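J.: Work out the full structure: start from the sequences and follow the hints.
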Amino acid sequence: MSKAATLEKPAADKAKKPKLRIATTSLSGCFGCHTSFLDIDERILQLVEIAEFDRSPITDIKHCGPCDIGIIEGGVCNAENVHVLREFRANCKTLIAIGACAINGGLPALRNHLDVTDCLTRVYCDRAGGKNHTVPNDPELPLLLEKVHPINEVVRIDYFVPGCPPSGDAIWKFLTDLITGRMPRLDHELLRFD
Amino acid sequence: MSDHPSKGGNALQAILEKNHFNPTRLVQILREVQDREGWLSEITLTDIAQGLSLPISRVRSTANFYSFFYTRPVGQYRVLFSDNITDRMQGSTQLFEHMLARLKLTENQTSADGAVSVARTSCTGMCDQGPAMLVNNRAVTRLTPRRVDEICDLIKAGLPLSSWPNYYFKIENNIRRRDVLLSANWDPGEALRAAIARGPQGMLNELKLSNLRGRGGAGFTTAIKWEAARTAPGTARYVVCNADEGEPGTFKDRVLLQRYPGHVFEGMTIAGYVIGAAKGFLYLRGEYSYLLEALEAHLDGLRRSNLLGQNICGVEGFNFDIEIHMGAGAYICGEETALIESLEGKPGKPRIRPPFPVTYGYLGQPTTVNNVETLCKTLEIAINGGAEYAGQGTKQSTGTKILSVSGDVELPGIYEYPFGVKVSQILEDCGARDVQAVQVSGAAGICLSPREFGRRIAFEDVPTAGSFMVFGPKRDMFEMARNFAHFFAHESCGFCTPCRVGTSIISNIMDKIAAGHGTQYEMNELGRLTNVIRGSAHCGLGTASCNAIADTVQKFRATYEAKIRPVDFEPSFDLDKALAKTRAVAGRDDADAHLETSVGAH
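Protein sequence lines, in the order shown, are assigned to chains A and B.
Residue numbering for the first sequence follows this note's numbering, beginning at 37 and increasing consecutively.
Residue numbering for the second sequence follows this note's numbering, beginning at 1320 and increasing consecutively.
Since the hints were derived computationally from the structure, they do not count as laboratory data.
Predicted model, so just to flag it, every value in this text is computed and none were measured.
A couple of the hints might just be wrong.
Said to hold, decoys possible - Computed cross-link-like contacts, DMTMM-like style, restricted to lysine to aspartate or glutamate with a CA-CA straight-line distance of at most 20 Å:
1. B:Lys-1475 - B:Asp-1506
2. B:Lys-1900 - A:Asp-162
3. B:Lys-1900 - A:Glu-116
4. A:Lys-98 - A:Glu-116
5. B:Lys-1896 - A:Glu-189
Stated by the list, open to error - Cβ pair distances, simulated, as ranges:
6. A:Phe-67 - B:Gly-1683: 52 to 62 Å
7. A:Asp-213 - B:Gln-1413: 27 to 37 Å
8. A:Asn-148 - B:Ala-1833: 17 to 27 Å
9. B:Asp-1468 - A:Arg-122: 42 to 52 Å
10. A:Asp-213 - B:His-1913: 36 to 46 Å
11. A:Lys-98 - B:Pro-1374: 53 to 63 Å
12. B:His-1913 - A:Arg-218: 40 to 50 Å
13. B:Gln-1839 - A:Pro-102: 37 to 47 Å
14. B:Glu-1779 - A:Asn-148: 49 to 59 Å
15. A:Asn-148 - B:Pro-1392: 18 to 28 Å
Said to hold, decoys possible - Here are some, though not all, of the chain B residues that point toward chain A, as calculated from beta-carbon distances under 8 Å:
16. Arg-1496
17. Pro-1885
18. Asp-1887
19. Phe-1888
20. Arg-1902
21. Val-1904
22. Gly-1906
23. Asp-1909
Heads up, the beta-carbon is just placed ideally off N, CA and C, and yes, glycines get one too.
T.: So this is what it looks like as structure tokens:
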């Protein structure tokens, strides 16, 4: 059913319209949602007919420019995540949270019941054998936030696609709905939380 | 199996024996054991499970469900401040903080010597004489800074509650306006004999004529309920009186039970006579445990005068007795199927309906569950007949209704009016001036603004379970809605996701707005979540949980708008502060080690 969803448009229309710009990123995630995104398989060819990628692992562009759609995987766990997320919010007309970590904090949020100072000292200072028993202080390294947060606690989010990860079909259905101007919705068989 | 003899081994055995090793009495057993031991340790729970031949998981789930059961050690004095909005309006928050400061404690913390813990609890039904607290489940009313200081001293001195001044525990009835029910002066048994003279079917016919409807809020026709329970197939039938009066701002049942216990029990007996039940339960909320002794004594009196027991009033084969079950601090048990679950010794989670209790209730048998006030009203019908009863009130709401009036009024208390009374009339009678709003029927009810004060209390217009909270000109209606949001998040039984998660998200959003971080986004979310929860929650608690928010957003929007910020979005937490710990441990203070919490409007 969802495979049948398509982005085909009249040829004349295609020529006139400028391509959509889509940016994607993974904050504190495992890139599983991106991998699942690739599960749209050959349909990605339909997608690039009408859209082009801005910042994304595919293009390796470092900073996001003005975009139509931003897709965020992963929760907010450190200062860099906050900057990237804000850059996306400032540039993307529509921002989508994708996957369990972006929506609820997910697996990284399991550290939320531990004390972050305790975590860092145990990992860096209490290890046997190491010489320099301090927590690294290089400004290049983003500082961890005390807790891992879902992304909608830091910026406004327009849509949420649950799943760990959501299937390629679910992502395709959601995107095609959004691009063709339908109310994005996932039916029962595409909606999953695991 | 039990290698660790629990300290009250024999006492526990005695309690189990007294309860006939009956697993359906688990809630009662847990309460009695806890009264003895102070709290319920894992060892105690295991012993109870073995004694009752129940899986430990069953015992644990029940012990963990009710907020008045403690599975961790608590203070010798457990102080719980009633946290209804009316208590807050009377200054309970300041008193609560004052007490914590005096005892050098934080909320929910037990003092190092194990003497005392101070926390908050949902409305304790003392709104007309608040602010109120419960000390070891005994209600102390009319708190003042001075009284709190005295209580702190008594606790520090380690004096038992029994030697505290009596007047602390004085609970007034504050009956302000009487009508048929509150001015009745019937002899004990008069109504029951009248019902017996009419016969079960005759009494049922009178009930039908009277069109009596349930006083608990839903307004179901009592005659239909009783007839269904009478005719449903079953091996035994039960009468349950719902005295789990937990709706914030309601205290009429407390007054009825304190002042007119005979009416309540007689109403139950009439119900037993009509439906053919031999057993009745009074499910009394844990907050009213101070009433238990007097009620038990009253039951004994009724048994002695043959108004309860075997062959009541000389009617061959009419056997009926009443048992009192205590709740343990769960609002949800006011829902009839949750109440029945609790009567059966389980966590109070609402059942899926149908089947309704009238066919499948207590232990799967036909059961009527009626409100305290409804049962009292049946006496009137037994004595005076249904036709006379139907002459009062309005067409669809016959008779009189008792209201519990509290908040910004001169004379808070109990008011009995015929149905159809205008809200403005009540406000005039109770001495309320410049009223900004009235919240009718508690947290789950409806919020009325001044232009609606011409509306009438009746099932046709403004239905109510009895709560009537009045808000003066200086009150912030947002704070009322926020108080109720916290209430529902706390009282959700956790069975269905829309309610369990939804009420918590709503409560967090309300806190975010209160803290000054709310934006239009949160306002939209409140509206969206309200629709989700209303449309998908499992029981009435969930579906009603957003009423106050929807009403206040619609009628008192200005108070929300004054709080929301004109930006796209604001995080609910301080981002820079969230980096403080790692800044310290890494020893950094460079520009990249800081974050601005707000990036301004975009």
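J.: Confirm or reject each hint.
T.: These are the hints, each one checked on the structure:
{"no.": "1", "hint": "B:Lys-1475 - B:Asp-1506", "in the structure": "violated, 48 Å"}
{"no.": "2", "hint": "B:Lys-1900 - A:Asp-162", "in the structure": "holds, 18 Å"}
{"no.": "3", "hint": "B:Lys-1900 - A:Glu-116", "in the structure": "holds, 16 Å"}
{"no.": "4", "hint": "A:Lys-98 - A:Glu-116", "in the structure": "holds, 13 Å"}
{"no.": "5", "hint": "B:Lys-1896 - A:Glu-189", "in the structure": "holds, 15 Å"}
{"no.": "6", "hint": "A:Phe-67 - B:Gly-1683: 52 to 62 Å", "in the structure": "holds, 54 Å"}
{"no.": "7", "hint": "A:Asp-213 - B:Gln-1413: 27 to 37 Å", "in the structure": "violated, 53 Å"}
{"no.": "8", "hint": "A:Asn-148 - B:Ala-1833: 17 to 27 Å", "in the structure": "holds, 23 Å"}
{"no.": "9", "hint": "B:Asp-1468 - A:Arg-122: 42 to 52 Å", "in the structure": "holds, 51 Å"}
{"no.": "10", "hint": "A:Asp-213 - B:His-1913: 36 to 46 Å", "in the structure": "holds, 40 Å"}
{"no.": "11", "hint": "A:Lys-98 - B:Pro-1374: 53 to 63 Å", "in the structure": "holds, 58 Å"}
{"no.": "12", "hint": "B:His-1913 - A:Arg-218: 40 to 50 Å", "in the structure": "holds, 43 Å"}
{"no.": "13", "hint": "B:Gln-1839 - A:Pro-102: 37 to 47 Å", "in the structure": "violated, 23 Å"}
{"no.": "14", "hint": "B:Glu-1779 - A:Asn-148: 49 to 59 Å", "in the structure": "holds, 51 Å"}
{"no.": "15", "hint": "A:Asn-148 - B:Pro-1392: 18 to 28 Å", "in the structure": "holds, 27 Å"}
{"no.": "16", "hint": "Arg-1496", "in the structure": "violated, 50 Å"}
{"no.": "17", "hint": "Pro-1885", "in the structure": "violated, 14 Å"}
{"no.": "18", "hint": "Asp-1887", "in the structure": "holds, 6 Å"}
{"no.": "19", "hint": "Phe-1888", "in the structure": "holds, 4 Å"}
{"no.": "20", "hint": "Arg-1902", "in the structure": "holds, 6 Å"}
{"no.": "21", "hint": "Val-1904", "in the structure": "holds, 5 Å"}
{"no.": "22", "hint": "Gly-1906", "in the structure": "holds, 5 Å"}
{"no.": "23", "hint": "Asp-1909", "in the structure": "holds, 5 Å"}
Hints 1, 7, 13, 16 and 17 from the earlier list are contradicted by this structure; the remaining hints agree with it.
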